[in-house]
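Since chain A is already given, all that's left is putting chain B on it; use the hints.
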Amino acid sequence: MRSVWSFWTKPFDYDRHRAWWSEKHHLLSWILSLETARRHYPRTWLITDSQGARMLVDGLGLEFESVSTCLDALQDCHPDWWALGKLYAYRCQHDPFVHIDSDVYLWKRLPSMLETADVFAQSPETFPLDSSSWYRPKACVDALNAVGGWVPEEWQWSVDRQCNQAACCGIFGGSHVEFIRHYADLGIKSVEHPDNQDGWSSLGGNMADNLFVEQYSIMACIEFHRQVKNRFSSRLQMQYLFPGAEQAYDPECSRQAGYTHLIGAAKRNRVLAERLERRVRRDYPEKYEACLRYLESVS
Amino acid sequence: MLKRIEHEISSDVALDRCVVSSIEPGDTRVGTSTVVTIYGRFLADAVDVTFPRERVSTTVLDAEEDRIRVRLNINPDSMTGRHDFQILTLRGVVKSDEFGVYFHVRSSGSGSREEEDKEDDYGVWGDMGIGGDLL
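Those sequence lines, one after another, are chains A and B. Using this note's numbering, you'd call the opening residue of the first sequence number 379 and step up by one each time. Using this note's numbering, you'd call the opening residue of the second sequence number 421 and step up by one each time.
Same shape as in the complex, but just chain A (with noise of 0.2 Å):
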């Protein structure tokens, strides 16, 4: 199974680098991510732009076995959309891979059960219905269709239904990929459709769609092509790291799968950074001397 990593870099110019403690911190961290993975997914892939390459590759010589600057193809996109970079890299997939957030660390290989699903996700998630959510369904179907934008049959299905199921995609992947890149490319034409402009910036600007576009949709697709049949139909096996998000910040839980995820605001954690450095520093300590020399170089 090839691993993966996405970096579109306007999003982190934008705003992203904020969710960091510091910027050292967000830059070992991709040391960590892709070190802990490769040991376990030797085809690791990297799927950025060229000043993402120019960071990650040459200034911190991370050591891809591939390396794809097509996330150049976002210039022009809002930064807002950070979701977009991961979307074109799942688009992008041919073969059966785990895409890895570079908040995520793998200390043990994914159980199998994930390796060999259809599509995996790192936790399923509910959320209610109203206004208390982040996740705003139906305000974001109604909104492009008020503008006469263009809503992918999966959203409107799942909205009627007033489906609340998401996916935390700290890691996500899979082997139907014909799948996945059709979900993917619902979320990019979405976000992109000309018709849909208005109607998104009616909504104001607002992290969750992100949110909605990546993690809802994913079982607004899986639910929709399950109940109508078609070529999707019968390889649609969901399979998770943790069967909830309780199970998932539960200590032992995540210490049984071997899993860190910084997830929201344990990047800000001044604790947790510090642990990261010293564990970057002990264990793989070229590398983070390459970071210490890549921030000297670029301060």
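None of these hints come from the bench; they were simulated from the model. Treat the hints with caution; some may be incorrect.
From the structure, some residues in chain A lie toward chain B, with a derived Cβ separation under 7 Å [claimed, not checked]:
(1) 485
(2) 626
(3) 627
(4) 629
(5) 632
(6) 637
(7) 640
(8) 641
(9) 644
(10) 649
(11) 653
(12) 654
(13) 657
(14) 670
One side only, chain A facing chain B, incomplete, derived with CB under 7 Å [what the hints assert, rightly or not]:
(15) 638
(16) 639
(17) 648
(18) 650
Sample of chain B residues lacking proximity to chain A, with all beta carbon distances greater than 10 Å (derived) [to be verified]:
(19) 437
(20) 471
(21) 480
(22) 487
(23) 489
(24) 500
(25) 506
(26) 511
(27) 520
(28) 555
The C-beta atom is built at its ideal place from N, Cα and C for all residues, glycine as well.
Okay, now just chain B, sitting in the frame of chain A:
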């Protein structure tokens, strides 16, 4: 704002319900043990003080009408940032966040004030992420 708080406290006093007004000192660093004093009203029958967030243990040293002295042990891997706490009395449980009173756990480093503020802004429940203890 001040009037609203005064009104709430007045109501609580009328019901002989615990009131929490402050905790001093208001912060400490991870991996330390410290004695704090919680000030308020109707605290004499307090039997325990607990911190819902992980890895802060407590021992009540003594309790009087207007104060409780508590020893706090902050584990080295305790979560940094703002912690609320609860006071268990013979008449029920009182939560400090009802009164806007919190205790702050800071990291062991000697970070700048700016860094400390950043830590407080983001040091919220859940900030250990998933499997953060494996790092």
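Numbers of unmet hints, in rising order: 14, 24, 28
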